[in-house]
Structure formats: C-alpha cells, structure tokens
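Assemble chains B and C onto chain A, guided by the hints.
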Amino acid sequence: MTTDKFCSMLSRSKPGPGDGGNTGSWRVLRPVINLEACIPAKRNKMACFHCWLYCPDSVVSKTIPPVINYDYCKGCGICAEECPAGAISMVDESTPLVEDK
Amino acid sequence: MHIIESGNVAAATGVKLSRAQVIAAYPITPQTPLTEKLSEFVESGELAAEYIPVESEHSAMAVCIAASTAGARAFTATSANGLLYMSEQLHWAVGARLPIVMCVANRGIGAPWTVWNDQQDTISQRDVGWIQIYANDHQQIIDAVIKAFRLAQTVSIPVMVCYDGYLLSHTYMPFEEPAQSSVDSFLPTFAPTHFLDPENPGNFNTVTLPDVRPDVEGVIAPGYIEIRHTLHQDLRAALDTFVEIDREFKKEFGRGGNPLIEEYRCEDADFVAVCIGSLSYQLRDVVDGMRENDVKIGVMGVQMYRPFPDEAIVRALAGKKGVIVFEKALSYGNQGALYADIKSALYKSAERPFIHNYILGLGGREIKTQHLLDALTASCTSPDTFEDAPRWIGLKL
Amino acid sequence: MRKDIIEIRWHGRGGQGAITAAKIVANAAFVSGYKGVVMAPTFGTERRGAPVFTSLKISKEKIYDLSPITTPDMVVVLDHTLLEEVNVVAGLKEKGLVVLNSPRPVSEYTFDGMTVAVSDVSKHAVEAGLPPGIVNSGIIGAFAKASGLVDIDVLVQAIENEFSGKKPEKNARSARIAYENTADNTADNTAIGGNK
Chain A
0 MTTDKFCSML SRSKPGPGDG GNTGSWRVLR PVINLEACIP AKRNKMACFH
50 CWLYCPDSVV SKTIPPVINY DYCKGCGICA EECPAGAISM VDESTPLVED
100 K
Chain B
0 MHIIESGNVA AATGVKLSRA QVIAAYPITP QTPLTEKLSE FVESGELAAE
50 YIPVESEHSA MAVCIAASTA GARAFTATSA NGLLYMSEQL HWAVGARLPI
100 VMCVANRGIG APWTVWNDQQ DTISQRDVGW IQIYANDHQQ IIDAVIKAFR
150 LAQTVSIPVM VCYDGYLLSH TYMPFEEPAQ SSVDSFLPTF APTHFLDPEN
200 PGNFNTVTLP DVRPDVEGVI APGYIEIRHT LHQDLRAALD TFVEIDREFK
250 KEFGRGGNPL IEEYRCEDAD FVAVCIGSLS YQLRDVVDGM RENDVKIGVM
300 GVQMYRPFPD EAIVRALAGK KGVIVFEKAL SYGNQGALYA DIKSALYKSA
350 ERPFIHNYIL GLGGREIKTQ HLLDALTASC TSPDTFEDAP RWIGLKL
Chain C
0 MRKDIIEIRW HGRGGQGAIT AAKIVANAAF VSGYKGVVMA PTFGTERRGA
50 PVFTSLKISK EKIYDLSPIT TPDMVVVLDH TLLEEVNVVA GLKEKGLVVL
100 NSPRPVSEYT FDGMTVAVSD VSKHAVEAGL PPGIVNSGII GAFAKASGLV
150 DIDVLVQAIE NEFSGKKPEK NARSARIAYE NTADNTADNT AIGGNK
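Residue numbers (numbering that gives the first Met the number 0), protein chains in the order written: chain A, 0 to 100; chain B, 0 to 396; chain C, 0 to 195.
Quick caveat, the hints were computed from the structure, so don't treat them as lab data. Worth double-checking, as some hints may not be accurate.
What the hints assert, rightly or not - Residues from chain A that face chain B, not an exhaustive set, calculated with beta carbons under 10 Å:
| no. | residue |
| --- | --- |
| 1 | M8 |
| 2 | L9 |
| 3 | S10 |
| 4 | R11 |
As the list claims (entries may be wrong) - Pairs of lysine to any residue residues, derived as SDA-like cross-links and limited to a Cα-Cα distance of at most 25 Å, are as follows:
| no. | chain 1 | residue 1 | chain 2 | residue 2 |
| --- | --- | --- | --- | --- |
| 5 | C | K165 | B | E4 |
| 6 | C | K61 | B | A377 |
| 7 | C | K61 | B | H231 |
| 8 | C | K2 | B | Q369 |
Said to hold, decoys possible - In silico negatives: residues of chain B with every beta carbon more than 12 Å from chain A:
| no. | residue |
| --- | --- |
| 9 | S43 |
| 10 | A71 |
| 11 | T192 |
| 12 | V211 |
| 13 | V215 |
| 14 | Y223 |
| 15 | I224 |
| 16 | R254 |
| 17 | N257 |
| 18 | E266 |
| 19 | R290 |
| 20 | Q334 |
| 21 | A344 |
| 22 | G363 |
C-beta: ideal position from N, C-alpha, C; glycine also.
Next up, chain A with everything else stripped away, as it sits in the complex:
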C-alpha cells in the first residue's frame, strides 16, 4: 500500500494524442480515408473502426466518418495496413490537404 508520503513521482502520463509533442510534423506520408469505401461512413453505422483501434497514437476518432488528427499523426501507415476495406491510402505529404466540404 502506498501513502501520500511515498512515491510522489513516477513515470506515468495520460494516454492520447500530444504526449509526445506536436508529432504531426514528422509525417512523410499522410493517411487519407476514402469515405466511399470506409465501412462506417458508407453504411452510416458505428462499425469496424480498425483504424481507431490500431492507431498507436490514438489520433483517429471513433466517429462517422472517422477523422484523423493530422496535428499528431506521424504517418506510420498502420491504419492503412489494417483497414479491411482498403479505404486508407498513404499519399505524399507534399500533396495539398483537401478541405472538407
């Protein structure tokens, strides 16, 4: 049992985007979701979300459609690899971002 007297400091941080700083600037390839192929977007159902589940940095939202937070996405490509619908492609970072309509 620990008390307030002991163990006032240890290495523990909250999970989630931002713990490692503004890591979006590391990206060389950018994951882009094709909403016409994305299962939750296409079916309008809270389903699949492999991208959300596998993202090691928790930067994909569990929403319809899933949204990737590019401020923190490092471009590792795991979401593209895991997406069962093949809806995520990795595009060169120099390609301009397409603004949502």
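For chains B and C alone, coordinates are given in the frame of chain A:
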C-alpha cells in the same frame, strides 16, 4: 592520420586495428553505430572477423565466452539495460578468466525508459570483477580499446572500455588513427594461456567444491575460494600491469601517461574535483575560470575504476583541503559509489581532506557549467555546511 | 565560459543532412588550423522530417565542454519552413548571423538586429545537377560566403571527400553556385558578395 568521426566510430576503428576475430553484438542506443561500423568493416573485408548477430545481449556475451574459450580474440559492445541483461554472463566470463573486451556507451537505466547518458549501467557492474576503463574523449576511446586488448590477454581478465553515451558516442571530434603496423607491434598476436585444445584436453569451470581436492593425477586442485582469491589478487596486480602497458603504448604512439587517474592543475591545488568520464574535461573549463579568481583548484578524472587505483588516488588527494566528487550514478539508498570508494581510500591517510558528493546528470539531464561552478564555489567557501549525504544538482521539481 | 569558441547551430529536418553538413565544415575548419572542433547532433531519438539541430563548436584550442550550444554566434537553416516551427534565433548572440536556404529575397526577413544571409540553395542544387531536396552541400557555400570563417576551396575539398562515391562534383558545384548567389541584409551588402 587525423580523422573527425564519432566516438562510436573511434571505438570501432580501435577494434579493427586490434584485429578482433569474433564479434557478437546486439544493437542498443547509443552503442548501435559502433556495431554497425564493425559489421561494415567485416562486410568490406577490412576486418577479418566472424560477425555473429545474436538475439540478445546475454547471447552476445555467451558467444564471446565460447569464442574466447576456443582461443579467439572476442569483442562485444552494449549499453544500459543491455549490459544488465548480460550481467550473469559477465560474471561467468571473468570467473572463466577470458580476455574479452567490451565497449559500453554509458546510458541511464530504465525504468523509466531513457536513452540518455549517465553511468549507472557500468557503475552498477563494478563488483563483477571486470576491469573498467573510462575514456574522456575520442582519442582516449580508440587508444583505450587497443590497450584493453593487450591488458585483457596479459592478465586473463576481461576489460570494459566505457565512454559517455551521446556526449562521446555520437559527438564528432578529431582524433589520431594509429597506423596498423604500430598497433601490430604493440599488440601481439592473440595467444591465450588456456583454451579448448584437442591436443591438450581439459574441463573448464565444472562444479568446484568448497574445499580443495586431489585431481585425477593426485595434484591438489583449488576450491572455489582459492580461484576467486586468485582473481582478486590478479585484479590488484593488474593496476601495475596497466601502468606498464600504458608506458609501452606511449613509447609506440606518443600518447598516454595517465593510465589510472588523469590530473589537471592538481599539483598546487587546495581543492580537487573528482569524477569519471567526459565530465572531468568539462570541469577543466570551470577550474580554469576559478583559477582566474585565485581559487587553487584542480580536477582529477578516474580513468581506471576497477581495479580501484586507491594508492594513486590517495597520493593525489592526501593533504588537500577538500575533495569534491561529482557522479552520474549512485549506490541507491547510500551515496555515490566513487565517493564511498574515495572516502574509504582516504581513511587510512593521516591528512584527510573534507570530501563532498554531488549527484548530477542522471538520464541525460544537461550539466550546465554554471551549476558546476556554483557547486564547487559552495564546497570551497562553506565546507562545514555539508552533510555526508550527497547533494543533487539540477533538480527542477 | 570560454570566449575563444565559435558556436554554430545547424537547423534541419531529420534526414536532410545537417549532421553531414556540419561534419564537412568541421573537417574543413580542422584542416584550416582549428584544433578544437566538436560537432554534436541532437541527443536522443531522431525521426525523418522532424526538426533537428546540430551543434558545431570551433576553436584554435582543444574544446572540453561537450554540452549543446545555447548561445550560438551563427545559425544555419537548411529549410525555411522550419521558421514556422522552430525559433531558430533562440539564444543567438547580439549581431549574430543567420544563414538561410529560402526562395524568398533577403529583404523579407528581419531577425532583430541580426545579419541575415539568404540563398535559394534548393534551386541551386538542382542547377548543379543534384536531385531535388539535396541541400546540405549547397548550404555550405552560403555559409562560407556569409561567415567568411573557412575558405570556400577548403570547404569544397571537404565536400568532395565526404561525398566521394556520391556525386562529389555535383555537390561541390552546388556549394559553389550557392556561394556566388548568397545575399545579405547589411546596408551596402559588402559583408558578403553582391546581390545578383
């Protein structure tokens, strides 16, 4: 020839010049570029060695033990948790009296995870019986590696060559690369005193009884305690052996002369700062600054930490007003290991200086010159305010 | 603490070659008689594309302090997009020098009281025949012109040595073109060569 390269490349170049025959290593930051360079040397044919990639540091040392037992000049390198993972094999290598050489790029130990420099990894292994040499710059790294191979095979004890991770391993500076012919004449062909020889079969390191016993020919064979006593005696004798090897090194290469401790402006000093590794060079700038303000102070780097050069240290420190020990490691729950060792060595001296201990730089915390100056100034001006417990430098919370 | 050490901080992105550029300058400085040369990359993890910096210290005497530079005399920026992410002039000494690879004219940059030198190194590198994005040889030309610290011929030799087997002539040419096409913001633009 002078080249500008990283400390890891200086180490790798020393290993190449020493003609290591078997290299087994597992990459770990900040040692990785050293093993990468060695694998390049082997691949390109510049180094005629067997490079054995392994799945762990424990296996790396196991391979070195096997290779050395078979009569080959063996080398490995590691850092931090990798060193600790091979700890059981470190004891085996020295108990078996195998002249393995290993570089350690010093790094803090997890948890919490860190890749940055301190010296807890090797300091925590000070009691295994390996010889530990610490280098302060790239010239000392390459020279120490070459001397280490000579020392290891002379005394049949493995040697660690330690240098600060990142600060030396990844920093580039000029150093002289010795000629192969000079290294060849300094470092004789590997000829171990004992090895697996079909012409002369033997059992090595079998269960050894608590007591002595007659062997198959009726000769009294040593028990465990005699073998371990011999190791200790040989380690103590290795101090003089290393001084002699360093002298020969200086004859061949013109460098060296400070094999055990390296003193800077200590001769007339009232106070001496003591530490291990590259910090002793950073302290030179601080000492120079304090000298300009008429504080008679010097700095001493401990080059060989095990065996502990207690006599040389007492000669250097007895009669001084104060000794200030800076450490990037400690014996948790007690105090700095070097501090305790130096205190113990000075105990038998009639003229005991005051002695203070600072802990700093753990996990790569930047060591600012101003912090060193403040610490030394406090020690020199108000020594009576200090406890025996170490003071910590640079804590922010 | 020591006044004899010239401190140069190199800002780039992981993989861009800032370390190699600083190493080349270190070699050239050593050949030019600077006995003390210490080059230290960012300690720790480096990732492709992430901002990194490299410290280069140069002195006529041996350098003992290996800690990273905090008050540089000069900063060299390999990629102008870094200006949005990194305060490259942090700690820069008064009247310090900023050497910048940018397509924009030097008049567009003001760093409070600092000398700024600009060269479109990315463009010049392509002119020299290098593939797009190889800027670490070219930036050395701009650095040579702006700083006057090491002779361009010695630097070009160091470039050719470092890149032996990796397009040494083109890398050398890139540095020479950048050297000839570096402009600064001093009033008469005489601290360095004329604007083109």
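Next on the checklist: Going through the numbered hints above, which ones does this structure break? Give me the numbers in ascending order.
Outcome noted: The structure conflicts with hints 6, 7, although it agrees with all the remaining ones.
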